[in-house]
Amino acid sequence: MDLLEIKNIDLKYQTPEGETHAVEGLNMTVKEGEFVAVVGPSGCGKTTLLSIIAGLIKPSGGKVFISGKEVDDVSPRIGYMLQKDQLFEWRNVEANVMLGLEIKKIKTPQNVAYAKLLIEKYGLKDFMRSFPRNLSGGMRQRAALIRTLAFKPDILLLDEPFSALDFQTRLSVCDDVYRIIKSENKTSVLVTHDVSEAVSMADRVYVLTKRPATVKSVFEIKIDKPTPLEKREDKDFSYWFNRIRREIPT
Amino acid sequence: MKILNEREKYLKNERRKKIIVILCRIAIVVVFVALWELAANTGLIDSFFFSSPSRIVKIITDLSRQNLFYHIFVTLKECVKAFVISTAIGFLVAVALWWSDALRKILDPYVVILNALPKIALGPLIIIWVGSGERAIVTMGVLICVVVTVINVLTGFLATENEKIFLLRSLGASKFQILTKLVLPSSTADFVSALKVNIGLAWVGTIMGEYLVSGAGLGYLIIYGGAVFNLDLVMASTVLLCLLAGGMYFAVSLIEKIVVKK
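For the protein sequence lines, the chains are R and E, in the order given.
Just so we're aligned, residue 14 is where the first sequence starts under this note's numbering, counting upward by one.
Just so we're aligned, residue 2 is where the second sequence starts under this note's numbering, counting upward by one.
By construction, these hints were calculated from the structure, which means they are not laboratory data.
A few of these clues could be false.
[As the list claims (entries may be wrong)] Listing some non-contacts, in silico: residues in chain E with all C-beta distances to chain R over 10 Å:
no., residue
1, L12
2, K78
3, I86
4, K106
5, N116
6, E164
7, L169
8, V214
9, G216
[Stated by the list, open to error] Below, simulated DSS-like cross-link-like pairs (lysine-lysine); rule was C-alpha separation at most 30 Å, straight line:
no., chain 1, residue 1, chain 2, residue 2
10, R, K97, E, K182
11, R, K97, E, K176
12, R, K97, R, K71
13, R, K76, E, K176
14, E, K182, E, K258
15, R, K120, E, K176
16, R, K118, E, K176
17, R, K117, R, K165
18, R, K82, R, K138
19, E, K258, R, K82
20, E, K165, R, K97
21, R, K120, E, K182
22, E, K165, R, K71
23, E, K106, E, K197
24, E, K106, R, K195
25, R, K229, R, K97
26, R, K25, E, K176
27, R, K235, R, K44
28, R, K25, E, K165
29, R, K97, R, K117
30, R, K120, R, K82
31, R, K248, R, K82
Backbone N, C-alpha and C fix where the C-beta goes; we use that ideal spot for every residue, glycine too.
Given only the sequences and the hints, what does the whole structure look like? Please build it.
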């Protein structure tokens, strides 16, 4: 069964200036453990789609199901990663990681131990008492990912999580995050405008149309390499890259 | 080795700059006081009208044998009360206005008008409503401080990054959690700077209040001194006010250093 199922989503939002038809009849499925990327022209409503999946925005029509159960409020099974790491400057790394547990009121000894285990496992143990301003961009992003993993979500939503980083850092952080996601065996939906990022990370890529967004085509990426960096170096990479790039409406 | 020397030179230079600033600050006071005293002694200015440092010192020592400390205590108490009450009310109102967008929109013009209104105009009403004496003075202080506190604290609250609010909402946070986990800690610096503004205004309010209605306090001494043409008393009270206001400001700066890390 599909872990995440998006059925016929429609979204119109109202502003004093008028009505915007952002999403129209969008269908999507994500299997357990799968990594799905969503690409499309800028401003086509990719971020809106993630907000709908997370239950932060109610669609005008259609439904979202997680394990067959309808999402009708902010879903506790989802972990959302934003463009910037959004670490709180007044909290040290450890306290930042505990944020989700605090908000969800599940800061039990077991969960705290699990969060600390993640910190240790992913190399931030020596920085537990450090404040975000003393961390590099890559470490900050890793801390943000651990904050998201700490409350054990079933699905990770990644909203252009690397776009605030410079190119070199971006490649290595991308690799880093991918490795962590795979080793924790999380199901993920990545939204990005960077086709190479989508091809290097995803098992499947959804291409969206211009607004109102709907699915234009779906690609199953077959590059048999374990990490994004190695995929980028593979001979098939440019084939997939070009095929998808040509598909995106301009 | 050369780098170290340059570093040492730089540090030495910085230290010297700091010392020069402090020396200049002291020099301004010393020169000002000396010139004033000299001008008064040589008859360049009439010390009956302009007083002089030595006369101020003399009247302060004379008064300190009588009831000077009582007057200081009265004013300080009124000022601290006005400061604490207005900060508390202002903070709570700001929280309410942050909480409800509708309330904020509805009340916006009233906040603007109340801010623009010269609160001293309410003096006679205050005396009639709450009676004369300390209550009237504290009320005046609170009125002068509270609107500015609301505006400054609310501005800090509203400067919270939307993306961070979004993050908390995606974690399923309640409005109260957003307030306590994000909005309050992220606006600490704004809150402390609001406190600093408030201290100045609390003094304005207190002295205004004492001008209107009082039987004791430094504002009372100033009004009384002016009425009987004892300008030494007026000057002495003003000097003491400067010292007290400076002291309170320093205290808040100290709190700032502790609260706002780095």
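Taking the hints in turn, this is what the structure says about them:
1. L12: Holds, since 23 Å exceeds 10 Å.
2. K78: 34 Å, holds
3. I86: 28 Å, holds
4. K106: 14 Å, holds
5. N116: 28 Å, holds
6. E164: 6 Å, violated
7. L169: Nearest chain R Cβ is 6 Å from L169(E), so the label is violated.
8. V214: 44 Å, holds
9. G216: Given a closest Cβ separation of 47 Å, the condition holds.
10. K97(R) <-> K182(E): This hinted pair holds, its Cα atoms lying about 19 Å apart.
11. K97(R) <-> K176(E): 22 Å, holds
12. K97(R) <-> K71(R): 24 Å, holds
13. K76(R) <-> K176(E): 26 Å, holds
14. K182(E) <-> K258(E): 21 Å, holds
15. K120(R) <-> K176(E): The hint holds at about 19 Å.
16. K118(R) <-> K176(E): Satisfied, since the Cα-Cα distance of roughly 14 Å is no more than 30 Å.
17. K117(R) <-> K165(R): It holds: about 12 Å lies between the C-alpha atoms, which stays within 30 Å.
18. K82(R) <-> K138(R): Violated. K82(R) to K138(R) sits at ~37 Å, over the 30 Å cutoff.
19. K258(E) <-> K82(R): Cα-Cα ~51 Å, so violated.
20. K165(E) <-> K97(R): Given pair K165(E), K97(R) holds - Cα atoms ~10 Å apart, limit 30 Å.
21. K120(R) <-> K182(E): 15 Å, holds
22. K165(E) <-> K71(R): With a Cα-Cα distance of about 20 Å, the restraint between K165(E) and K71(R) holds, given a limit of 30 Å.
23. K106(E) <-> K197(E): Holds - the C-alpha atoms of K197(E) and K106(E) are around 27 Å apart, at most 30 Å.
24. K106(E) <-> K195(R): 48 Å, violated
25. K229(R) <-> K97(R): Roughly 28 Å separates the two Cα atoms, so the pair holds.
26. K25(R) <-> K176(E): 26 Å, holds
27. K235(R) <-> K44(R): Cα-Cα ~16 Å, so holds.
28. K25(R) <-> K165(E): Given pair K25(R), K165(E) holds - Cα atoms ~25 Å apart, limit 30 Å.
29. K97(R) <-> K117(R): 22 Å, holds
30. K120(R) <-> K82(R): Distance of about 26 Å is within 30 Å: holds.
31. K248(R) <-> K82(R): This hinted pair is violated, its Cα atoms lying about 41 Å apart.
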